[in-house]
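**Student:** Okay, here's what each chain looks like letter by letter:
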Amino acid sequence: NAGVTQTPKFQVLKTGQSMTLQCAQDMNHEYMSWYRQDPGMGLRLIHYSVGAGITDQGEVPNGYNVSRSTTEDFPLRLLSAAPSQTSVYFCASSYSPGTSTEAFFGQGTRLTVV
Amino acid sequence: AQTVTQSQPEMSVQEAETVTLSCTYDTSESDYYLFWYKQPPSRQMILVIRQEAYKQQNATENRFSVNFQKAAKSFSLKISDSQLGDAAMYFCAYRSYNQGGKLIFGQGTELSVKP
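If you read the sequences in order, they're chains A and B. For the first sequence, the working numbering gives the first residue as 78, with consecutive numbering after it. For the second sequence, the working numbering gives the first residue as 128, with consecutive numbering after it.
Isolated chain A, as found in the complex (with noise of 0.2 Å):
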């Protein structure tokens, strides 16, 4: 019973470099999201998704691309690592919308840009 599991856990990027964050869930979630975390302002959507080959942006998505091509995978891409992406990256996943389920949360991602 893994539920959202994201990897790495750990990563340290130099500027300008690309890389994927994981996430994959094995609960036939439609709904998928990333969120970072960052001191005093709470969590916030980069992009989500309701479903295979359908993806939108969230509050803050520049520098951050996403794709789902199945249901079970939503990676996070970071095209060109800014120290403003060092954060702490959340996966979550959830069922359809009109119901009162709760989003589950992978462990997170502490990414550090220099």
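Hints in this document: simulated from the structure, not taken from any laboratory. We treat Cβ as the ideally placed atom computed from N, Cα and C, and that holds for glycine. Keep in mind that the hints are not guaranteed to be accurate.
[Said to hold, decoys possible] Here are the in silico distance ranges between beta carbons for each label pair:
#1 E156(B) <-> I131(A): 19 to 29 Å
#2 T82(A) <-> E188(B): 21 to 31 Å
#3 G117(A) <-> D208(B): 43 to 53 Å
[To be verified] Example chain B residues on the side facing chain A (calculated, C-beta under 8 Å, incomplete):
#4 V146
#5 R170
#6 F218
#7 G228
#8 F232
#9 Q234
Add chain B to chain A, keeping to what the hints say.
**Tutor:** Frame of chain A; chain B shown alone:
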């Protein structure tokens, strides 16, 4: 656009005592959900309690209860008989009824529990 505000960056409570964390939100919608999430030092996001806006009755989960005031757009969390394990960051979150996957979070309240 909806917003969520937690005006208490830090709170402290004595073990076995009761503490209330505040949350206000702004929305023009009538159907929505509200959540409180707990984030211990492990970083894991744990759902504490949820409230459906159409329900007048306040949600309760063991030692955790909410005071949901829809007209005032207020959603506070009360923790009774506080335990050392309650020490964590607490986030209030809002979700529109038909927008799964889009949670709007408050800034968080860091709760410490004194033995």
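**Student:** Quick check: which numbered hints come out false for this structure?
**Tutor:** 3, 4
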